[in-house]
Amino acid sequence: MPTVTFLPSFRKAVVDREGTLMEAALNAGINLNVVCGGQGKCGKCVMFVKSGVAEFDRDQFGRFFSPEELESGACLACQTRVIDDASVFVPESSHIQEQKILIETLGLETEFHPSVWKYPLVLNPPSLDDPSPDLTRLLWGIEKKGGPREGKIYAPLEVIRSIPRVLRDSGWKITATVALVPGGYRLIDVEKGDTSSRLYGVAVDLGTTTVVVFIRSLVDGRVVGVASNYNKQISCGEDILSRVNYARKGGLAKLQSLAAESINTAITRAANQAGVDREDIHEVVIAGNTIMTHILMGIDPAYMIEEPYVPVVRRYLTAAASRVGLEVKENAGLFIFPAVSDFIGGDIVADVLASGMSESSEVSLLIDIGTNFEVVLGNRDWMFSCAGAAGPALEGGEVLFGMRANPGAIEQITLDLETLTPAYRTINHEKPRGICGSGLIDLLAELLRACVIDRTGRINTVIAHPRIRLGPHFPEFVVAWKEETGIGKDIVITENDIKNLIMSKASILAACITLMNEAGISRNGIDRIYFTGAFGNYLSKENAIIIGLIPEVPLERIRTIGNGAIEGANIALVNRKKRKQLDEIARTMAYIELNATPSFMDEYTRGCFLPHTDLSLFPVVEKMLDECRIHRG
Amino acid sequence: MTIRTLTDWTGVVGTVMLGATAADGGTRSVSYTLGGESDLPFLGDPPSGHIPLVAFELCDDPAIWPAVVREYAGDLSNDPGKWAKAAEADYGADLVRLSLTSTRRKDFSGYAALKTTIQEVLRKCRLPLIVEGSNDPSIDSEVFAVCGEAGEGERLLLGTAEAGRYRSVAAAAMAYHHAVVAQSPIDINLAKQLNILLHEIGVPSDRIVIDPYTGALGYGFEYSYSVMERIRYSALKGDTDLAMPMISAPTDSLTVKEVRDAAPAARQDIAVKWEYYTALSSAIAGAAIVCVRHPRTVPLLKDTLAALWSGQTPGKV
Amino acid sequence: MPLKALDIYKLLPRKNCKECGDPTCLTFAMKLASGKGEVDKCPYLDDNARNILGASTRPPIRKVKIGVGERSFAVGDELVQFRHEKSFYHPPGILVAVSDLWPAERIREVTIRVRDEVLTRVGADLLLNGIVVRNSSGEGPAFRRAVEAVEEVADLPEVLMAADPAVMEQGLSVCGHFRPLIHAAARENYKGMAALAKNYGCPLAVRATAPEELEELVGLCTGEGVDNLVLDTGSSSLHQFLNVSTAVRQQAITRTTPAFGYPVFLDAAEYGLQDGALVTGILRYASVIAVEEVDRASLLALLTLRQNIYTDPQKPIQMTPGIYRVGTPGPDAPVLLTVNFSLTYFTLQGYLESSRIPCFMLIVDTEGLSVLTAVASGKLSEGLVKESIKKFELEKAVAHKTLIIPGYAAPLSGKIEEETGWKVLVGPRDAAEIGEFLGKEWKR
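Protein chains in written order, with my numbering: chain G, 5 to 637; chain H, 28 to 344; chain V, 126 to 569.
No lab work stands behind these hints, which were simulated from the structure alone.
If you're wondering where the values come from, they're calculated on a predicted model, not measured in any experiment.
None of the hints are false.
No more than 30 angstroms apart at the CA atoms, straight line, and that leaves these computed lysine-lysine pairs for BS3-like: (1) Lys135(V) - Lys581(G); (2) Lys540(V) - Lys526(V); (3) Lys188(V) - Lys211(V); (4) Lys135(V) - Lys156(V); (5) Lys540(V) - Lys253(G); (6) Lys440(V) - Lys264(H); (7) Lys133(H) - Lys565(V); (8) Lys548(V) - Lys565(V); (9) Lys521(V) - Lys565(V); (10) Lys540(V) - Lys440(V); (11) Lys584(G) - Lys156(G); (12) Lys440(V) - Lys161(V); (13) Lys156(V) - Lys188(V); (14) Lys48(G) - Lys515(V); (15) Lys258(G) - Lys515(V); (16) Lys258(G) - Lys504(V); (17) Lys581(G) - Lys143(V); (18) Lys135(V) - Lys584(G).
Here chain G stands alone, though its shape is the one from the complex:
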């Protein structure tokens, strides 16, 4: 089999003859940027063949390159077959760009009620007087130690098989591990000696892009290790839809193993950091969106992206972690969060658990913003949920100088209302390269306050100011002159960017209002707004209200709960009482299909205005705008 050497890192990997460079890269652990899932469509997985034998179909895919590039060996990794040993250069742009993965959480305290216990036992050896069988002896021992009654514990065959040896080899000093499972208890392991201090569990947030893992002691609940990494499925497509399409084309097994591998990598990293042996991990709890958890469990998600959008399972799932390829203790239990619908998955159920809204009489509005958004409104008695597409603008996509929250992104910005001079802060304090979501929201709010844009987002080109100018296609506002930037170009925001941002924010606001209307609740009836997810964590709450991304409520009612999915998974890991509530939470949450709600479009149009067509819904913003207008004349 040929070996491929990747430059400049000199990582090597073997690949089947005629295998693709993409597969080789995957084997070498290189996280390639493959937006289309390796279909030769996105042109992102660019490599340059420096030497060796590899075939690239230029007729079909050469259109992505200039003749000069082709001349120097340019190819698409996903469409290049390795025939013999080769050495290949991977430009920086072909790697997945590193970005912040959110592992911060609200840090809610929860009671410690684990679902797995270790019982160190010293048993009397059997004798003619005491001839009870090994297993009974063991289970009685557990019962005597305060564990579940003997008759309630189920012992699987493979554990029973190990018992006689372990008992005798250890001199009848052993540690039994018992887990709470649906319908009772399960003896999952019997070890020699006293290992009772080595009992760990893992909470996992399995996201479309990232995986976050917490390792916690299940003896006392301490967090001992945290790690995160990319979901390796990205090499099969960036967004969820392309993953499903990949699965449809026979790729389910591969996606499944990549999901497991992504979790394993993170677990290993966290375990190493904590000095924990993976064999001491006895339980894994996973919250993820519905499609991710389906894929991890090896359940075909193909029908979930077609009408009528029905998942295969909604309820929580349990299995042995090893059955899906997780490298932890063989019999360790796996608990997968229940989902509400195709679009409201276990990650949102985890958000809800983390927020505590399902236990409060107060009415909360929980918002998870990404390219897709999810919104939940309700309290302990009732909950409505909905999901929709916000478009990529708020994450920096479809915006000329938009970017993800990577180093060099302008993440905060204010304008001097007199001179229109911006003051901004970038991630890692590098020279600005673009603007990320939180910066864009600030910018929109500031341009509105400065009366540079009207409430539809159109730039008032009548204002004579060097920063306001007619761009090649649209009027634009210069945020940073090229001398200040790290890209040698003026960073601007165009009227078209602003429109895309407004359309994105309008769909989120309209979703919130649609749920509020469904429940008959006004903005004053909202006691809490929770932002979850990376986006919500960094944005300015005040500016989110000024632009009408969310309904106006007093700022102190707004909280960010960070990564609610990992938070919820953590809670469920260490607190079985909360875990028990999950199915009920998922069932209580009624799902509202926005497309089938006629008023949604009306609300959307009303929301395509800053902050909203009806200012009486935004009294504080109204006052602020009046002042700004007077100020500007």
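Guided by the hints, dock chains H and V onto chain G, whose structure is given.
Here is chains H and V on its own, set in the frame of chain G:
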């Protein structure tokens, strides 16, 4: 038989004045107050507000005007002044809407001619005038300035402001004391947004006439109809951002397939009926001004509006 | 005001027993709120809840069926005053009048025309609904012969208009079993008319010129056992009709005056302005409209108006997805993609026609959503575009691979290029600018 309707309204449609008579420093033979309605259209004895007005619409460049009208009007269609006079004297229109279609020509630069045309129309016809200017942002500001100035003192209704281009027409209207047509694409929220935008640059409500955009009968008219009903309803419910009179000015009524493909002998009749059904429906939905382009539609409409307004039926057999 | 889901939920037992077939009481409440559920599916409702919920779901205006067979129609069963609040459901029947003074031949001619005249618009066949037989002669036999003439040539729904029950019976002896509308019971003849309506199982119009009288008369007729009533307000002018009909609709849907919970009759010929009366009737709640003969011009407009007004505002008229041609485009002609919302289609088509540039329109199935909506909701996606290009064999129609998409679909341009391999040009947001856009951008 009369029975009271039940709805409790809290709002009133605001008023807009059109046309200035000698008493107001203009030269119009009449001036109109639009708006003032405190109930749904035609409800009450007598109904609140004012009877809807019928505007005859003509243009300064008939090249893009409906063939069926050119055919009927003959040479008149090449002379806006004479045509406007006929609208007053022969057709019996309440007011005239002059559409400056010449500005749609490529590389338009005939600003001086616009001025002449408007002045000519104002001289030959003493009815209040609606002027529909350009629809190209790059010439808007000059066109509207010319229109505004040419009609100074006559209290025109100047069109058309849209969300993407409202500043120049608003500026001309404010400078020369005219009212503004605010057009939005068949959506109550967009109509409201545009009114807010106009307010925010200083155009008061009593200078704004809402044009919710009227689609042709059979080609989306029902959307326009419902938007007009919703706007009136919201105004009466107290939404002051929507409490302005409305104008209905369908541009495609006479170029629809039903008219284009009609047998020549029937074409005129079909055109008139198509326009009549559209305009009357708009008035019942709440339009204060309905615009028509076929001369024969004007008297038919005026008769029916009178019958709906007062209960007296002209020409009853 | 219809109840909100949460209001209904609070009336439900909230035990999530699933016996209604829904997973939770909340989802059941959402169904009830949207009018899709049946209150009785919940076995645990208390009387108070049943009263509140039952009352809000019973139709406030009675549904009345006129005629039998293929052309029969039902009217009434409306819920709202404004179509934008939900929808108008049952378009008014428009029936053409014949007189029993006319020779049978003339009656047959009119009937045949009503039977056969069809207007096809956006995939629907629009028809007049039936025949009104007027007893102008005042005599029974003539009336009977007129009804016979109608029956000879068509099975159309009928309205029999006669003031004398004896005369009416002559007409009913011919068509009484085909459920004609009997017009009309008044104060002085209601007993006879009601008896006929009951005997023949026909709907009955009641006519009074004062509201109290009308209300009383409705009571009298239902007292006689006739439930399928139609109200004739006897208005003396169009102005009055509009006022009364509006008030009747309001009082019916708010259940203020239950006696007004019936469809309304309008004789459009009564006011000398038939077209005006037709427009007023269609817009202002008439359910059965009698007209004198209408010419083709009026017919086109009135059937179109009726179709427009009775379209469900929440279910826009949809175009069949596919490739449409404007002019006679060649293989180099531009291809413009848009959605199958009929208004979008017609608007764009109109501007394309006036641009005089022959081109193709690729209409994709967004289930009638407009461009903005379809983009926002994800219905318009690169996948749909790809699928449509393939399904409608666009590549066979043109010799290039450039697609013009609506301005509001700009966010999809990159994805469409990736997914389809077609080059994408982003067109204007406003269809009115399409001519200019093509003039500038389409250089092939």
